Amino acid sequence: MGNSKHLGLILLAPAGVFVILFFLAPVVLTAIFGFTNMSTATGISGGAYVVNESTMRALGERFGERELAGRLLRKSYVIDEAGLQAARESGAEQATIEELREKYLGRNFESRRQIERLLKKLDNRPASIRAIKKIAASFERSVVNIRFDSPEELVAAIEGYGIVLSDAQRQALADVSYTGWVFTTQNFKTMMELPDTWRTMANTLFYVFSTLILFNTGFALVLAILTHYMPEGPAGFFRSVWLLPRITPPVLYVLMWKWLAWDNGFLSRMLEPLGIAPRNWLLDTPANAWTFVILINGFVGASMGMLIFSSAIKAIPQPLFHASEVDGASRWQQIRHIILPQLRWPILFITSYQTLSLLTSFEYILLATDGGPGGATEVWALAAYKKALSNYGGALQYGYGAAMSLVLVVIGVVLSLIYLRLFNFKALTESPKIEQ
Amino acid sequence: MSENYRKWPMVLFLGVLTTPLILMYVYLFVDTVTNTPPGAILPNEFTLEHWRFLHENLPGRPSIWLATWNTFMFATVTTLIVLAVSSAAGYSLSRLQLPARSFFLGGILVLHAFPTVTLLIAIFLILQMLGLYNTLIGVILVKISLELPFGIWIMKGFYDTVPWEIEMAGIQDGATRFQVWRILVLPQVKPAILALGIISFLAGWSEFILPLVLAPGNDVQVLSVYLAALIADDNNFDMNLFKSVGLFYVLPVIVLFVFFQNKLMNIYSGGTKG
Amino acid sequence: MLHFRRTLTALAATSMLAAGSSAVAEEVTISVWANQGATENYRIDAIKIAADLLEREYEARGETLKINVEGKVFTSWSEFKQAVTLAGEAGTAPNIVVSSHGDIAPWAQAGIIVPAEDYVDLDAWPLNDIYPNLLEIATYEGQVWGIPQDAESRPFFFWNDYMKAIGYTDEDLAELADRVRAGEYTLQNVLEDAKKMQDAGLVEPGKGFWPRPTKGGDFWQFYMSYGGEFATDDGRLLFDREAMKGAYQFFVDAVNLGVTRKNHLGTPWDQWHGALTSGQVGIWHGGTWQYSEWTKKYGLDFFKNVTFTLIPSGGNERGRANTLTHPLVYLITKQDSEKEMSIAGELITIASEPRINALHAIKSAHLGITRSEEKVSLYANDRWTREATEVLLPYATAAPNNPNFGQYFEVMMNGLQAAWTGQKTVEQAVADAEKELKAALGDEIVFR
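Residue numbers (our numbering), protein chains in the order written: chain W, 3 to 438; chain C, 16 to 289; chain P, 79 to 526.
It is possible that some hints are incorrect.
To be verified - Dumping the calculated DSS-like pairs for lysine-lysine here, alpha-carbon to alpha-carbon at most 25 Å:
no. : chain 1 : residue 1 : chain 2 : residue 2
1   : P       : Lys273    : P       : Lys340
2   : C       : Lys205    : W       : Lys316
3   : P       : Lys417    : P       : Lys144
4   : P       : Lys150    : P       : Lys126
5   : W       : Lys122    : W       : Lys105
6   : P       : Lys412    : W       : Lys136
7   : P       : Lys323    : P       : Lys126
8   : W       : Lys136    : W       : Lys122
9   : C       : Lys22     : W       : Lys316
10  : W       : Lys191    : P       : Lys273
11  : P       : Lys273    : P       : Lys323
12  : P       : Lys274    : P       : Lys340
13  : P       : Lys513    : W       : Lys122
14  : W       : Lys316    : C       : Lys278
15  : P       : Lys513    : P       : Lys150
16  : W       : Lys191    : P       : Lys417
17  : P       : Lys513    : W       : Lys136
18  : P       : Lys513    : W       : Lys77
19  : P       : Lys150    : P       : Lys323
20  : W       : Lys191    : W       : Lys123
21  : P       : Lys453    : P       : Lys323
22  : P       : Lys126    : P       : Lys340
Derived by calculation from the structure, the hints in this document are not laboratory data. Predicted model only: the values in this text are computed from it and were never measured.
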């Protein structure tokens, strides 16, 4: 540990492992996923090769191989020596196999059900349902509905049943029978074409900038300045109260807003005597939903600006204030000429920092409106989450969701780089003084 | 200062703006021990029935104590590791010779506002490969990663304020840089460690989306997921019960807040100055 | 990891051999996940009962088997499906999943579930007694993938007193179900009657007609009311523009007429149940299973106050009265352990026995799955299940088992919501839905 250069890297290494595992690797994977059609049905880890009605329909339609498709779909079951051998390997009792050979060798069947029924009638009937199923499957002479891990295995199995395939047919078969995901640029094309994409983008911009301007900087500024002009007691009280939303767990915090806003909620009950019919204030109209989404996020966001601005105001030398008072400056003049100029950099910092936080946050919206009513408050991050991971029908579209996330990653990184320039990043990174 | 100005209009104005917030928190307490008739604003009876979840499992939900234990473990382990990793990395970035320093620093700032939560599918896949899907440890690792950029940046900021003379003196006495860090510098940033610890604990205690997606099992359920599932249940709608569970959930947070308020205010404002 | 597991298994096997066969009681843990409401605990409990019986069967045969059933309850479909899908991908899926039949296709393609027919005997009682149409609904690509757990349907409900107040007689109400079925009483009549009730001051504005308060399969019924169908004969999804427009337009008309609120979707369930069981709503549509809640939790005297029918026809030429059934099925997931999968199969079989299934059917007001269930007195004595089975089930359709249906569902629902809340015009919503589906599904969906 003598060399401080090594020590630096060693101390940084644990953080590096976390960053690589949970930032860099996910970005790389997301970038890959964004160019696939990955979904619930295709799975994430790869698919299998299956001959079934829909893949064979595709074989017929896309490659004109209707005859082959028909042949592959034909099921047949034969009790022969090979099948008996397979049955033995699957764990069937010797006596059962003997009896089968004796009574039924060479018989053909069209469905597995027929063999199962016959097995159940044997004197040496297999003990469990599962054993019957396995023995019956040993006599199958088709590949329908069987999952093969590779196209070679599928082709080998098919050829094992005496169907010879041309190279083109093999290729076509491998193509249509694959159940897993494939690479595609369709996600981005779809994204460009869909009107909802642009609506979601517009929503996102509206959400980010209105919350930012109204609360994260605007209201934060009001709080900081007002508490500056207050005695320490009330000032401390208000700062504490406005910090509560930030530290309250989101699930509970949003629940409290719901209690305030919905049909039987506090707001409705308060307004009822005034002749205003109870309604779900949270979801009544898009305007209402937006109001609440901005309030909910803004109340959380205001605290950070409030604290930073407050400490910046505290850093202003007191004599400046006294002098201006002696000069008879109004409070407004004080704010304009003394406070605000001092807050230029903190405001810029909060604005840029919180743009990024708002852009990528969706937890509060998910819990409050879930993007409603009718998608009015659906923002980009929420849409990406829902596409990839959460929807009622259970059709998760990992690929499309990843493509959407990727857009957010690119925007986030570009904005961060711009901000780094803006804040004169070099100044933050002066070299250590102990070496040299 | 500002003695010439009247203060009460300010207090009144802000008081009005703050009323909804105060109401929400007051009713959070009140509703857990009372019943309110439909349509009324004030409660009319005292009851403890909404707290029944403490001694009996609600239908279909695991024990609240298990969820509390999980949440506690989640928050505590997250905090400890975030503290250890950030104080090491922060020191390295602040004081030690490092190749590509500005790259690392810039990287941390970029990661700070990274849309990690939207990368959940990829994160899921990585946890699965590590065999950590549906484990508390898996979610903890992800949560730590999310908290690290902030933690490192804060710690770096505080190390920056430690006078160089302390270290110089240590080195002259023959200590290694590692010893200097451990014995001389770390005690100097104790307030930062305390504050970062509280913030990480609160962040871990509140986390919702990560455990929801990455650890759905009953035995690893945390309070946020417990409460969200309770609220989502179409058939058992009971606002006062939700609030009671919510209050139970938020109590430790409020206690921490009351005791460490000033520390928190310091770090939220001070640490991010840079 | 896998190697490690194999070594462990091998070790375990050797140690068991060493210990001799007598002393070791075999222990298996079967995990079951279900999304269930308060009255639906038998989705998981039936498996627990089955486990108890199965243990006794083993014991009777002189074998020892200890089965631990670990249940996990979800309360939101999207979270439930997310969890099952991800756990399946991670290879840690629960042994048995109780889910919608609509999940069969994607989960089968992804290899998360195995065909139930490979693990149960469909030729033997009680499974050979399951209504054939229900088994058909659990079939995908010619294989039976799941065992139906319950059936239901989603009818229209009318508040008797208000219907009478706007001119219907008791006889009219008694005939209403038949008139709906014949296509004489249409969705347009629903809107008219709801309006009349509001105009007469019987119900508040916006409470004449209340649909289900959240997203759900129910809304496909309106698509069918206007003649829409789910799939073509060769198994591709079908998007019927006219029917889709009809369905969307119906809700827009309802809003314009003032009988349904624009922001209805998102209404909390308690409020929905509370309003309609206390006579605040004139006409609504819901699920047969909600009967249990209405009568038990909200104390509704159902047969005195309510008349129920199929979903009326849209009144256009192709329109027809209909209802949707959306059975849940027991699914067996793919596991490394062949033993666990066969035990899961045995448990599901036992759980389908009439007496056990009747517990679920009656407690949660679902419809039974086997014919012999009608002979179980608990079931036979229940007026609701009897009448609902008679009036609704013969006309019930189900959504197709198609891997892409979930996506179609999502897009259809989003479009409906956009039109309903006035975010888009009906034409625009239908056109956008079509665009999105065409882009996402290509040849897999046909537009007509």
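Would the pair lysine 150/P and lysine 323/P pass a check requiring their Cα atoms to be no farther apart than 25 Å? 40 Å, violated
Satisfaction of hint between lysine 340/P and lysine 274/P, Cα-Cα up to 25 Å: Holds, because 19 Å separates the two Cα atoms, which is no more than 25 Å.
Hey, lysine 273/P versus lysine 340/P, does the alpha-carbon distance stay inside 25 Å? Status holds; Cα separation ~15 Å.
Hey, lysine 191/W versus lysine 123/W, does the alpha-carbon distance stay inside 25 Å? Violated, because 59 Å separates the two Cα atoms, which is more than 25 Å.
Given hint lysine 316/W paired with lysine 22/C - CA-CA distance at most 25 Å: Holds - the C-alpha atoms of lysine 316/W and lysine 22/C are around 18 Å apart, at most 25 Å.
Quick one, are lysine 150/P and lysine 126/P close enough, alpha carbons at most 25 Å? Between lysine 150/P and lysine 126/P the Cα gap is close to 12 Å, so the pair holds against 25 Å.
Distance restraint between lysine 122/W and lysine 105/W, which requires alpha-carbon spacing of 25 Å or less: 14 Å, holds
Quickly compare the C-alpha distance for lysine 316/W and lysine 278/C to 25 Å and report which way the hint goes. Answer holds: lysine 316/W to lysine 278/C is near 16 Å, not above 25 Å.
Agreement of lysine 513/P and lysine 136/W with the hint, judged by alpha carbon distance not exceeding 25 Å: Measuring from Cα to Cα gives roughly 46 Å; hence the hint is violated.
For a C-alpha distance cap of 25 Å, please report whether lysine 191/W and lysine 273/P respect it. Not satisfied, since the Cα-Cα distance of roughly 45 Å exceeds 25 Å.
Straight-line alpha-carbon gap lysine 205/C to lysine 316/W, limit 25 Å: Given pair lysine 205/C, lysine 316/W holds - Cα atoms ~23 Å apart, limit 25 Å.
Given the proposed pairing of lysine 453/P with lysine 323/P, does the C-alpha separation stay at or below 25 Å? Violated. Lysine 453/P to lysine 323/P sits at ~44 Å, over the 25 Å cutoff.
Taken one by one, the earlier hints fail for this structure at numbers 7, 10, 13, 15, 16, 17, 18, 19, 20, 21 and 22, listed in ascending order.
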